[in-house]
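**Q** Residues per chain are reported as follows:
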Amino acid sequence: MDALLVRLIILLPLAGAILTGLVPLFMPGLRKNESLISTIGTLAVAVPFGMVVYLFLTFDGNAFVATFYTWMAAGDLSVDFAYRIDQLSLIMGLVVLGVGTLIHVYSIGYMHGDDGFWKFFSYLNLFIFAMLNLILADNLVVLFLGWEGVGLCSFLLIGFWYTDLKNSAAANKAFIVNRIGDFAFLLAMFLLFRELGGLDFDTLLNGVDTLSSTTVTMAVLLLFLAATGKSAQIPLFVWLPDAMAGPTPVSALIHAATMVTSGLYLLARMSDMVLAAPGVMVLIAIVGALTALVAATIAITQTDIKRVLAYSTVSQLGFMFMAVGVGAFFVAIFHVVTHAFFKALLFLGSGSVIHGMHEVEHDLEHEGHDTSSFDAQDMRTMGNLKAYMPATHITFLIATLAIAGIPLLSGFFSKDEILFMAFQAGYNGMPVAYAVWAVGILTALLTAVYMTRAYVLTFRGEERWPEAPSIAPHESPLSMTLPLWTLAILAIVGGYIGLPGVIADGDWNWIHHYLAQDYGGPVADLADSAGFSLPLALKWLLIAIGGGVAILGVSLAWVAYDREGLAFDDRLRERLGPLYGVWEVKYRLDEVYDAALVNPIRDIMGQGFAKADASVVDGVVNGAARGAAAFGRVLGRIQTGVIQRYAVMMVLGVVIVMALILFV
Amino acid sequence: MIQQVLFLFLAVVAIGSALGAVLARSPINSALWMVVNLIAVAGLYITLNALFIGVLQVLVYAGAIMVPILFVIMLLNLGSMPAPSEIQWKHVVAFILGVALLTQLAFVLAIGLDALPEMSVSEEAVAASSAREIGKMLFTRYVLPFEIIAILLLAATIGAVMFAKRKFA
Amino acid sequence: MDLSQAYDAMLGDLAGAFPLVLLAVAGLVIVVWDAFRNNDPLLPYIAGGALAIGLVFEGSQLASEQTTLFYGNIRAGGFAAFINMVLLGGTLLSVVLSVPYLRQIKHAYGEVYALMLFATVGMMALATGNSLIMLFVGLETMSVCLYILVGLVRKDEGSIESAFKYFVLGAFATGFFLYGIALLYGATGTVYLHEMQSGFAQSGATTMFWAGVGLLLVGFFFKVSAVPFHMWTPDAYQGAPTTLTGYMSTTSKAAAFTALILVLYYALPPERWTTVLAVVAVLTMVAGNVLALAQDNVKRMLAYSSIAHGGYILVGLAAGTAAGYSGALYYLLIYSIMNIGAFGVIALLEWDGKIGREQTMESLSGIGTQRPFLGLAMAVFMFSLIGFPPFGGFFGKVAVFGPAIDAGLTWLAVIGLLASVASAGYYLRVVYVFSFKSADERPAEAPATGTGFNVPFSSLAVLSLCVVLLVVVGFIPGLRDVTTHYFIDMAVAAGTL
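Protein sequences appear in the order of chains X, S and R.
The opening residue of the first sequence carries number 1 in the working numbering; numbering runs sequentially from there.
The opening residue of the second sequence carries number 1001 in the working numbering; numbering runs sequentially from there.
The opening residue of the third sequence carries number 2001 in the working numbering; numbering runs sequentially from there.
In isolation and in its complexed conformation, chain X is listed as follows (with noise of 0.2 Å):
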C-alpha cells in the first residue's frame, strides 16, 4: 500500500506533465483549454500531496525503501530507483508538495492568458516530478537525476518568456553556473563509489567511519561545492538574481521555496559524513556566513522588487548553511520550511503587485503615454498599493515580519534557533561560531532593513506611477490571493514546529525530536552531542538580541522611509558612500566571472558549434508522428546537414554504446 502509494507519488506529477505537455503540443485546439490543463497541472500536484499528507500522518517512524526496480547493475555497480520515506523526506515532500499545489493554484490566475500556459503547467509538473526525485530519493544516482532534472526544469522556466534574448541568457547563466557544482557532484559521487562500493545512503552512511578522513573532507567538500551552485552561494550564488527572468510562480517555487533549498537537503541528508569532515565545515559555516551578509547588503540597493527578493533568498540560504556549519541540521532543514512559507509568500505578493502594475502599463499605454520606460517591477513607480490591493498588502506585510524574524512569527523561531545553535557552537569550542554569530546578527538587522524598505516602499507612501490616482491597479483574483492567504497562515504559525530551548527545556522542539538521530529520525546533530548547555539566562539574552535586532531593523527603517520615501536612499548613498556603491554594482561579481568563468564556457560552446543550424532535436520529434516513410524523410533532413551535427549523433552513439557495454 505505501509502497504504491510512494509510486503514484512520484509518477503522478509525470503523468500530468505530460497530459499537459504533450497532448496539446500535438492538439493545438486544447491549448487554450485553460480550466482544463490547469485542472489537470494542479490535480498532478494535489493529490500527491494529499498522498503524502497520509503518509505522514501514518508514519511510524521506521524509514521504508520502496524499490521501482534496478535500473543497472554492472559489476560492483547496482543502482536502484528506489525511494526512501523517512521523516526528512516526509518533511521535504510535505513542503514541496503543499507549495507546489498552491503556486499552481496560484499560477492559474497569473498565468491566465499567455500563449505558453500550457507549457508552463506543464514544465511546473515535470519540476515536482524531478524536486520529487531528489528528496525521495534512496541513492545519489537517483538524487542527481532529479537534481539535473530540476536545474533543467529552472533552466526551461527561467527562460519561459524565450523570446527576449535577456531571459534566455539569464536561463543559459544559470545552467552553465550551476554545471560546475554539479561536475563536483559527479567527482563526490565517484569518489564515494570507489571507495565505498555503493551509492544507496545505508551504503554511504554506514560506511562513514572506514573512511580515511581525507576522503571525507574531499567528499563533502565536493558535495557542498554542488551545494553552493544549486543553492546559490559563494562563489556560485551570481545565478540566482538573474534568475528572477522567469515568471513570478517560478520564482516562488523553484527559487525560492524548493530547488534552491535541494543544496541544504544534501548536507543534511549526507549529515553523517559532513559532521566527519569538521574542517569544511568551519568553511560551510564562514560561506554561509559571507553570503548571508553580502546578499543583505546588495538587497539594500535593489530597486527591483524581485532582485531584493532574489537577494534576501541568497542572503536566507546563507543562513542555512551556517546551521549546517555548526553541526545543526535539523535546524536548518526548519528554515527550510520557514522560509519556504513566507519566501513563497513575498513572490507571490511581489507577483501580485506586478500583475496590478502590468494593468497600470496597460492603462498607460491605452492614454497614449510612452511605457518604453515603465517598468512594472520597479518599486520607484509604485507606492500606496495598500489603497488598492488589500489583501496583498496585508500577506506582504505579514511576510515582510516574519522574515524580519519579528518575534511570535515563523521566521523569528527558525533564525533565532539558527543564530542561538551558532553561539552554542561557538561556547562549545569552536571559536569562528561566534564571529558567524555575529554577522548573523547584523544580517538580521540588515533583513529586517531592506524587507521593511521594500515594504513600505511598495505599499506605503504615494503613489508614484503617472496619472495616479485616476489610473489604478486592481486586487488580482481570487486563485492568486487565496494562496497568500493560506500561506500568510502558514507564515504565522510555522513556526511553531520548532519552540526554542527555553521552553519547557527544549521538548517542545517538535522538529527536533522529528528529524534528529538521537530521537530516531535521519538527521545528525552535533549540538546534542557536544554536551554543553548554556545557562538559561544567556538563552533568554540571545533571544532577547534576535528579536530587539528585527524590531529595531523595522522600525527605523519604517520610520525613515514612511517619512522620507526613495529620498532615504540617497541618503543612505551619501552617508554610507563607497560602501554604497560597492553594494549598488553587487560587488563587480558578475563582471568578474563573466570575464573569468562565463565567457570562455559561452565560447567553448559557441565556437564548436556555431554552424549547425537545424536542430537534431526539432526533427526527431516532428518524425515521431508520422508514418514510416515520412520518418524517413525527416531523418533524411537530419541527413543533410552540416557536419557538427552528424559528429553530435556519433557522440550519441558513443554514449549510448559505452553505457550498454559497462552498464548492462
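A hint or two may mislead.
Said to hold, decoys possible - With a Cα cut of at most 25 Å, we get these calculated DMTMM-like pairs of lysine to aspartate or glutamate:
1. Lys-2106(R) to Glu-2195(R)
2. Lys-1136(S) to Asp-2008(R)
3. Lys-1136(S) to Asp-2013(R)
4. Lys-2155(R) to Asp-2040(R)
5. Lys-1136(S) to Asp-2040(R)
6. Lys-386(X) to Asp-507(X)
If you are wondering where the hints come from, they were derived from the structure by calculation, not from laboratory data.
Start from chain X and add chains S and R according to the hints.
**A** Chains S and R alone, transformed into the frame defined by chain X:
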C-alpha cells in the same frame, strides 16, 4: 615528490594550453598554444623516462609540423574567428552529450585506476626507451606496422598533391 | 635480439605475406611510372595483374594451417587467406569496372590505381592483423586512401564536400578507436589479440577492459557504417565515383567486419557485448531500410541499403558463436559480389555528368527493355539483395540469422527478417522501373536515349561473373563449411599462438 610536482605542473600546462588552442579566436594564437601543449606533453614523456620520445616530440611536432602550419596560416592570412553566436538548444544537447561522455570516461578511470601497475623506474625500462632500442624494435618486432605507416604517409602525400592540383585543373 | 638473425627470419615472413608485399610494391611502381608517363593506360594492368597474382597465391593458401608472421603482428593462411581473397577479388573486380568508367568521366588518373592498391594493403593489414597496433595502422591506411578516392572528382562540389565530411568524422572516430586501444593496453598489458584474455584475467581491470572494447567497437561501427555512426555514409557513397563506391562499400566493410570479429572473438564473455551489438544491429537494419525506402536517387538508395546490410551482418556477430562469425564472413563474400555488381550497373547508366548524384529513379525507366542484359543483371542483384532464393543473398541471410536464433536471439532475427521484407519495397521498385516501365515515362530532362555509354567488354565480363557467382554461390559444396572450420581452428590455435 619532485616527480609528482613536475607532473602536476606539466599536466596543468598541457590542459591549459589545449584549452587555449581551442578557445583562441585567432589561428596564430591557437597554433602557438598548440606548440606550448606539444612541449608540455614532451615534458610528460620525459618524466616517464621516455627521453627519446620526448625529444622526438619536440623536434617533430613542436618543430617540424608546427612551423609549416604557422607558415600556412600566415600565407593564407587567416582572420580571426567570428564572435560566438547565442547559445541554442542544440548546443545544450551537444553539451549534455559531451558531459555524459566525459562522465562515462571519468567513471572508467575512477574505477580502473587501482588496476594499473605502480609506476616504477627500472634500469631496463630506461634502457628500453633509448634511441638504439627503439630503433631495434621498429625494425624487428614492429617492422610491418612501420612499413605500412610509410605507405600510409605516401598515400596521404599523393592525396594532398591531388587535391592541391585542383586549382590548376 | 641479434639483428642479422632477425633479418634472416624476415625473409620467410615476407614470403608468407606475399600478396601484401606485392600490392605495396605494385602501388609504388604505379606511382613512379605515373610520374614519368602520366596516366599511361598500362597502369590498370599492373594493378590488375598484381591483384590477380595475389588472388591465386591466397587461393593456394586457403587450405593451409593458420600461422602468424612478423612477430605475431599478422595472420596468414587459412582464415586470413579466405578474407584476403574476398578483399583482393573485390578490388580486382572494382579495378576492372573502374577503367572504362573513369575514362568516361575523364578522371582516369594513374594515382587512383595506386591508391586502390594501398587501400587494399590497409584492408589486408586490418583484416588479418593480430595486434592492436596492426589493426590501427591498417585501419588508417585504408581510411586515408578512401578519403582521397571519395573526393576524386574535384570539379564536383558535392564530391569534395562529402570527402571532407568523411575525413573529419573519420578522424573523430579514429580518436575513439585509439583511446580504446590505449585502455585495452592498460587493462591487459599486451597489444596482441590472443594474449588479451590472459592479460585481462591477470590485471582484473574489468571496467577498463570493457570500456576499451566499447571504444574499439565505436571505431568499427563507424567504419562499417552502423547506425548511429552511419551519417557520413550516404554522402560519401553518393559523392564518390560510382565504381569506387562499390569498391569501398564492400571491401572496406569486409575488412572492418573481419577485424571486429577477431576482436569479439577474444573479448570474452560475449554476454557483455551481445546487447550492444543487438541494439546497434536493430538500429542499423531499421534505419538503413527505412531511409532507403525514402530515397529517389538510386545511388543514395544503394548507400542506405548497404548500411542495412551491415546490420544483418551485425546480427550474426551478436550471436557470438563460431557459426555466427563464419556466417558473417560468408555474408561478406556474397554481399561484396552483389554490391559491386549493383554499383557497376548504375555506373554504366549515369547520364547527369555528376557521378549520378542527381539522377532520379524514374529517369531509368525502361532501361531493362532497351538493355536487356543490364536489366537482367540488375534484377539478379536486387533479388539477391532482398535475400530471395536461390540467389546468394538468401544463403547469406540464412548464415547470419540462423546462428542468432541458435544463440537465443530469436527476436533479433525476426526483426532482421521483417527488415528484409521491408527492403523488398525499394529493391523491387528498381526492378519495376527498369523492366516494367516504358522509356517514354522518363522525365523530360533525361537524355533521349538515356543509355549512358556503350557497355565495354570488360564490364560485361565482370557483371556476368557476378551474376553467375550469385546464382551458384549457394550451391558450391563445402564453401559454407570452410568458414566455419576456421573458427574451430582458431579456438585451438588461440592457445598455441
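**Q** Tell me the hint numbers this structure goes against, listed in increasing order.
**A** Of the numbered hints, 1, 5 and 6 do not hold.
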